[in-house]
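Visitor: So you can see what is in the structure, the chains are spelled out below.
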Amino acid sequence: MPLPSGLPEIVANEEPISRFLTSRNHYNTTVVKPSAFIPNPKDGCLSVARHNAEPIEESERMAREDFNLPKASGVAQLAALTFRKEGLDFRADDTPQRHADVIGWPWREDDPEYGKSERKLIAAALAQQAQRLMYR
Amino acid sequence: MAFSGYATAQSGVSDEAVQLSDDFARLHAHQESAESLFGQKSQLISDLRAIAADCAQDDWDDYGAKAVSNTVLLCAEAFIRALPESISAPEISAEPDGQVSFDWLPSRTRTFTLSVNSTNRLAYAWIDGANRGNAAEVFERGTLPSRLLNELQHITADAPALRTA
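Chains E and W, in that order, give the protein sequences. Everything in the first sequence is counted per my numbering, starting at 1 for the first residue and increasing by one. Everything in the second sequence is counted per my numbering, starting at 1 for the first residue and increasing by one.
So that you can see chain E by itself, here it is in the shape it has in the complex (with noise of 0.2 angstroms):
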């Protein structure tokens, strides 16, 4: 059954993730930078949206709208399955509608520390995969 957004409850391999690029620290002038992937400590999830950042002034009215990330200035693109092979998996709410959270990021309370570390190792591949592309 389809979600409101028209899309399926279950995000496909080939989709394009973008992950909205909110710190002017997180990429610089060539790539995006392993901190624009880790996940939010409050919930253990990354926030994503279901969009190919295609056109880009779609993907800014996004953000900017319907996310509601005032401070958005580009986005980091990358196919689902880049996520997959790291071992993370989507949890697609929907809310706002083409939202998603990437979960199952490694967490470890006996060691907190070496558990950031292993997230830091999967911020860091989904980094070199990924498309910058910033809003004009």
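Read the hints as simulated data drawn from the structure, not as lab findings. For clarity, every value in this text was computed on a predicted model and none was experimentally measured. Fair warning: there could be bad hints in the mix.
[To be verified] To give an idea of the chain E side of the interface with chain W (calculated C-beta under 7 angstroms), a few residues:
| hint | residue |
| --- | --- |
| 1 | P4 |
| 2 | S23 |
| 3 | T29 |
| 4 | K33 |
| 5 | P34 |
| 6 | K42 |
| 7 | G44 |
| 8 | S47 |
| 9 | E113 |
| 10 | Y114 |
| 11 | S117 |
| 12 | E118 |
| 13 | L121 |
| 14 | Q129 |
| 15 | L133 |
[Claimed, not checked] Beyond 10 angstroms from chain W on every Cβ pair, some chain E residues (computed):
| hint | residue |
| --- | --- |
| 16 | M1 |
| 17 | E14 |
| 18 | P55 |
| 19 | D66 |
| 20 | A79 |
| 21 | D94 |
| 22 | T95 |
Beta carbons: idealized from backbone N, C-alpha and C, even for Gly.
Place chain W on chain E using the hints.
Guide: Below, chain W alone, put in the same frame as chain E:
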């Protein structure tokens, strides 16, 4: 350095003067190196403080990130001071959990990324083509763990050193 042009075998300058000239040249080179190193690290600390100021309030990324605290900032400054001068300058960013990340990105397939938090343990990870790894180690008394340094030196081997970057 200033004397060296005059201290030749034919000039009649004494051995003591030649020795003085050599000592002066060494001192000058050391001073230049120290100033260069201090300048690079000062710039990094300045960059770090600017990022920490930008991220001093919760939700600095619109996604609900934690603020970078003064304690984390001080720990990150200590990390910069502990970096060997043979290592290239890292890129600095704030993370959603309020930690500071130092990243070396010498190529698309080589990454070393390290987080500083308010404890004395550093979380880090590296990717070198198909090889990758991660660890968490104690950082205290201004000395970086040898394993961390080995991996970092390997990843950044071809990058310009901190003092000459």
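Visitor: Each of the hints needs a verdict: does it hold here or not?
Guide: Hints, one by one, checked against the model:
{"no.": "1", "hint": "P4", "result": "violated, 22 angstroms"}
{"no.": "2", "hint": "S23", "result": "holds, 5 angstroms"}
{"no.": "3", "hint": "T29", "result": "violated, 11 angstroms"}
{"no.": "4", "hint": "K33", "result": "holds, 5 angstroms"}
{"no.": "5", "hint": "P34", "result": "holds, 5 angstroms"}
{"no.": "6", "hint": "K42", "result": "holds, 6 angstroms"}
{"no.": "7", "hint": "G44", "result": "violated, 11 angstroms"}
{"no.": "8", "hint": "S47", "result": "holds, 6 angstroms"}
{"no.": "9", "hint": "E113", "result": "holds, 4 angstroms"}
{"no.": "10", "hint": "Y114", "result": "holds, 4 angstroms"}
{"no.": "11", "hint": "S117", "result": "holds, 4 angstroms"}
{"no.": "12", "hint": "E118", "result": "holds, 6 angstroms"}
{"no.": "13", "hint": "L121", "result": "holds, 4 angstroms"}
{"no.": "14", "hint": "Q129", "result": "violated, 9 angstroms"}
{"no.": "15", "hint": "L133", "result": "violated, 16 angstroms"}
{"no.": "16", "hint": "M1", "result": "holds, 29 angstroms"}
{"no.": "17", "hint": "E14", "result": "holds, 22 angstroms"}
{"no.": "18", "hint": "P55", "result": "holds, 22 angstroms"}
{"no.": "19", "hint": "D66", "result": "holds, 13 angstroms"}
{"no.": "20", "hint": "A79", "result": "holds, 17 angstroms"}
{"no.": "21", "hint": "D94", "result": "holds, 18 angstroms"}
{"no.": "22", "hint": "T95", "result": "holds, 15 angstroms"}
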